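Protein chains: 2
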Amino acid sequence: MTKAPALLPEGLRDRLPAQAEATSRVTRALVDAMRAHGYGRVSPPLAEFRETLGGDDDRLTRDLLRFTDPVSQRTLALRPDITRQVGRIATSLLAGAPRPLRLCYAGQVVKLRASQLRPAREMLQVGAELIGSDSVAAAREIVTVAIDALDAAGIGPVTIDFTLPDVVELLANGPLPVAVPVEELQGELDAKDAGALARLGAEAYLPLLRATGPFDQAIAELRAFDTTGVLDARIEALEAIAAPIRGRATLTLDPTERHGFAYQSWFGFSIFVPGQGDIIGRGGSYAIPVGEDREEAAVGFSLYPDPLIDEGLGGEDDAERRIFLPLGHDAAIAAGLRADGWQTVAALSDADDARALGCGFTLGPDGPVEA
Amino acid sequence: MTKAPALLPEGLRDRLPAQAEATSRVTRALVDAMRAHGYGRVSPPLAEFRETLGGDDDRLTRDLLRFTDPVSQRTLALRPDITRQVGRIATSLLAGAPRPLRLCYAGQVVKLRASQLRPAREMLQVGAELIGSDSVAAAREIVTVAIDALDAAGIGPVTIDFTLPDVVELLANGPLPVAVPVEELQGELDAKDAGALARLGAEAYLPLLRATGPFDQAIAELRAFDTTGVLDARIEALEAIAAPIRGRATLTLDPTERHGFAYQSWFGFSIFVPGQGDIIGRGGSYAIPVGEDREEAAVGFSLYPDPLIDEGLGGEDDAERRIFLPLGHDAAIAAGLRADGWQTVAALSDADDARALGCGFTLGPDGPVEA
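Protein sequences, first through last, are from chains P and S. The opening residue of the first sequence carries number 1 in our numbering; numbering runs sequentially from there. The opening residue of the second sequence carries number 1 in our numbering; numbering runs sequentially from there.
It should be emphasised that the hints constitute simulated quantities derived from the structure, not laboratory data. Note that the structure is predicted; figures quoted are calculated from it, not measured. Incorrect hints may have been included.
[Claimed, not checked] Just a sample of chain S residues kept apart from chain P, beta carbon distances all over 10 Å, derived:
#	residue
1	P214
2	A233
3	H259
[Claimed, not checked] On the chain S side, residues computed to face chain P include the following (Cβ under 7 Å):
#	residue
4	D14
5	G40
6	V71
7	L176
8	A179
9	G360
From the three backbone atoms N, C-alpha and C, an ideal C-beta is built for every residue, glycine too.
Produce the entire structure from the sequences given, and follow the hints as far as they go.
Printed below as a string of structure tokens:
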């Protein structure tokens, strides 16, 4: 038996009503929650010049779905990420807007290749960026907004895993110098490879591997390890960020986690939903390049809710509020039902059937009756 | 002076908060109105195989922004239209769903080239498709749903211009045979070229050019012209379709209008907003190919609201409901304000200023006070 040719390219798919409507409900809830915190929505285009999406970064450029634009004769790419576009908006069109500048977004992003864990090449990205500050107060706000948005969309309780992307640099440039480049040390700590640390002559860093896990316990380990106090400010910052969300999320710490935080400055976090293996969001502090020689500080987060929607997030049974309107029904009564939140399904011919068309009710002479 | 290089390719643009949020409000209103009529939302992907988007139709394929997919090694294209994708869904994934099948959609489409009238290459398309029937009842429903959706989004009053795409064929194959191909005759009628009609020996069609304009008057002309009654069913159909929307839209008729209706079967309509030159939507009856030798009847409409949003549709002044939260504010009070529909903007430092951040109010010890 030969397989029928696929109707859609690998990694691209149609969303049928149950999923498309759940996606719409989840997106609305997330965006409304971010807007309630003063984040104005922006919508960058689906495609841009390759340079503005990937810059000189080979890793990013490799991941772009590129094509030649017949109009500009230049290489464009579909956006693999919206955060970078929001940074471009903040430092160009909105360069003159007062800071801190709060922006949010929701839209589809497209990746060149799928991963085994995430077969989708097109996915929904929703997020918020606070531009003009990466202070502790800014980081605390962005984490709180993330939790509020997740809550509003019915996502959770989540686990927030904090990280400190510059912790190794602070130590290596301070009390614990090493003979190898900092990046090498960071890599082995990220891989949690105790043997490699010993081989690098970085045994002093071994206790860092224990400062991982439930937040309070890991913070205590980190504090005990940091005998010189070079990490004091970072530890205090994490505690300040964690304070308003204690009890609303499970908090963990992995101070040397680097994977996915290559662009973060001093603070990062990942969001997990227990029982859902893959990460559903991440965020942190970063710097937006402004021209050749300037940067603007920012904090933000991105959410990728598709896998949760596939598992039923945002779903609701519509049949209960779906009513069949027989031939010759009163148009004004039908309009009244819609205004009351009913979905009406009008008969077009005698052949139309209420139940086949998904209606739990039909409009009788005295109002809705069960179908 | 040299011009700075453009940040974005021609025809692609960023939407800042005022427009992005207006777009979101307009989209929600349109989709909610269509869903209230029982139309389930679907979301096809942004890109597909070129064949499923353009088929063998050269005119369509020329308009596609194409690229080679490194994964499938095949040519993909960005969707220039969502209607065709919905037809594909209806006849593949939803081939077994009961008919009539009601689907709606909202999403971005991308065109290869902009037109002078519409410089945008990426635009919002919102619409509804009723699949499994192109009866008069189906056409009447789809026009009513369009008017309800436009109303809900605050668009209008609109002008609906009806057309009858097969009227010339009915006449030429019936009482008014011509020596030239029907397409040639249709072309000259579409161009309203009386001289050309005379040259084609088609003087008998001249009165059709007068059956154009305000609906009732044009219908009367058409009826007077149709002495053999071959157009009776079409005229009755138009009157049935027009009946429920009289008083809600300005109705006109241009029975030989073909431009933009190449795919429509017996019925089409264009939607205009007075003072906005370009068409903002169109619809009609059509046939979806199913395999090699079968078709499924459908009616539907598509709206392109971007130009209206650019002119202020869906806008509202948020400053009135935007409140500044000074340092040290009570988090529970802030959450209460958000629950009441306020947008809160929290101070991150002493430097933050309520009015600079767009807040009409600030939270005082006794509640909101004008900023």
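Take the shortest C-beta to C-beta distance between D14 of chain S and chain P; is it under 7 Å? Constraint on D14 of chain S satisfied, holds at 5 Å.
Going by Cβ atoms, does A233 of chain S stay more than 10 Å from chain P at every point? Non-interface label stands for A233 of chain S: nearest chain P Cβ at 16 Å, farther than 10 Å.
Double-check G40 of chain S for me: the hint is only fine if its C-beta lies closer than 7 Å to a C-beta in chain P. Holds. Min distance 3 Å.
If we take the beta carbon of P214 of chain S, is the closest beta carbon in chain P still more than 10 Å away? At about 24 Å from chain P, P214 of chain S clears the 10 Å cut-off, so the statement holds.
Cut-off 7 Å, beta-carbon criterion: hint that L176 of chain S touches chain P: Interface hint status for L176 of chain S: violated (33 Å vs cutoff 7 Å).
Taking 7 Å as the limit, does the beta-carbon of G360 of chain S come near enough to a beta-carbon in chain P? G360 of chain S check fails; min Cβ-Cβ to chain P is 12 Å, beyond 7 Å.
If you take the shortest Cβ to Cβ gap from V71 of chain S to chain P, is it below 7 Å? holds (5 Å)
Far enough from chain P: is every CB of that chain over 10 Å from the CB of H259 of chain S? holds (24 Å)
So, A179 of chain S near chain P? Judge it on the closest CB pair being under 7 Å. violated (40 Å)
The structure shown violates the earlier hints numbered 7, 8 and 9.
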